[in-house]
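Listed in order, the protein sequences are those of chains F and B. For what it's worth, the working numbering labels the leading residue of the first sequence as 1, then goes sequentially. For what it's worth, the working numbering labels the leading residue of the second sequence as 1, then goes sequentially.
Calculated directly from the structure, the hints in this document are not laboratory data. Remember, it's a predicted structure, so these values are computed and weren't measured experimentally. All the pointers check out, no bait thrown in.
Treat identical chains as interchangeable: a pair holds within one or across any two.
Derived pair list, reagent style DSSO-like, types lysine-lysine, alpha-carbon separation capped at 27 Å: (1) 130 with 267; (2) 215 with 267; (3) 281 with 130; (4) 162 with 206; (5) 215 with 287; (6) 287 with 130; (7) 281 with 215; (8) 206 with 281; (9) 162 with 89; (10) 130 with 215; (11) 130 with 162; (12) 206 with 106; (13) 205 with 287; (14) 205 with 162; (15) 267 with 287; (16) 206 with 267; (17) 205 with 281; (18) 287 with 206.
Number of protein chains: 2
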Amino acid sequence: MDEQNNIAILGLGLMGASLSLGLKQRGFSGCIFGYARRKETRTQALEAGMVDEVFSDPAEAVREADIVVICVPIWTIVQLAEQIVPALKPGAVVTDVGSTKSELLKTMAPLFKESNARFVGSHPIAGSEKTGIEAGNPDLYQDRLTVVCPSEGAPKISNLWKAVGSEVVEMSPEQHDAMLASTSHLPHMVAAALARSVANGDPRKKAGFCGTGFKDTTRVASGSADMWVDIIDTNRTALEAELGRFHEELQGLIQILHDGNQDDIRKWLEDAATDRNQILKLNRVLKR
Amino acid sequence: MDEQNNIAILGLGLMGASLSLGLKQRGFSGCIFGYARRKETRTQALEAGMVDEVFSDPAEAVREADIVVICVPIWTIVQLAEQIVPALKPGAVVTDVGSTKSELLKTMAPLFKESNARFVGSHPIAGSEKTGIEAGNPDLYQDRLTVVCPSEGAPKISNLWKAVGSEVVEMSPEQHDAMLASTSHLPHMVAAALARSVANGDPRKKAGFCGTGFKDTTRVASGSADMWVDIIDTNRTALEAELGRFHEELQGLIQILHDGNQDDIRKWLEDAATDRNQILKLNRVLKR
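Excised from the complex, chain F in its bound form (with noise of 0.2 Å):
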């Protein structure tokens, strides 16, 4: 990445956090100008040397900046962008780390029109339960997959997830969003609807007969609504078919359950053992 870079980060939670500190460690000698909206998290990131300078106004991180990276929820991101774009430096790059695309890229495309800068799309493919600054980890992008969307300014962008030691692909947002529908954004909802369902309304009465295979089956069902509400709400088609996917895999189960060949239904469940352990050795993070 051009060292001569200045970058802001507009969140400073987990996302941002390990995006600053990643930079930070890897010895990136740009400045990073930070965005927080309360206080004790932007008194935390200076304290910490997560940021160089930090501000209350988001206009006013990004004044000096030749990239800008909005590390929030996805309609907060078009919140924050409506406040900086009449600061941006011309040529100055922003990008976002949301889990949906195809939304959020329609909605910016108005807002830069007029604008000297550009917007590209991008999204990290890692996290974690945890949130807020406390979460931050400098190698949370190591090794990972992040997409960006095609677009002008996207070799900066893929150049700065790089920088943190990202694999970067470069797919359209209607792909990207069809495939994380399946592969985060299904289980997701798999995992919140197996909670509701287990407890069936009354938590008490199921709670001393759950194992660990429900506690980690529904692990993610635990995690930001926040966060989840706008990723769901932006990909409901993509949601949806893959959720029609699905229940056409419980049909199956269910008609081999009826007709009761204990073959079938050891076929069944070895294949789903294979289908997942596949996928665990295909992924050069997973299957550590």
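We have chain F already, so just place chain B on it with the hints.
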């Protein structure tokens, strides 16, 4: 537990080895007789001091035993029971560790009818995705819940599980199977259906885009198919009811997505998180 008792453990995999190690470590002074099909397992159990004597014939293993614990998959329990019934001491109590109880108890009843021994169903809610004698863990049952089905001989079996640290609850086989269909068998089936659905016949295409959410949500789908075929096969009716309930949760979500009201999405997600957090908080092992 009565220290004058001798115990036979049939099957020295995860469950059997853990029971044996748990008794020895807690100072049980009776004899432990072990049966395992494989010679290497018998040698290993003896050399590790896990059992006092080993046998290649299950009938030989039970001759001097006051309590017999059968630690193998459900339909194999029945096969072993057929072999040992003629060799049992009068007054001996036989139990098992199988994950379903109704069909097993129905199948066992005629086998024990002409015998002076008794069969008592039990199910310690403890496990691991690890298998085999090497996975044996003396604390596997510590603080876990064990279900014992009420019948003559049940107090003796309850004391056995208490001796390795379990809390014991009495439940009818039907109540047990309905409960576990929800808290254990449904999560397993959902995890397997999810792995199949995400892979969608081509795990290669999706692998790079799966994260830790997918990994944890599907973890149990990599478990032993041998064990799970029998569980599902013997609890089909209760599992179908739970799959129906789960289906309704998914339909509720699909309706909310159609309606497109953000507040409804948020409430659906928040209720799921509350359900999961409540269950974990009320479960003395999972809350750790």
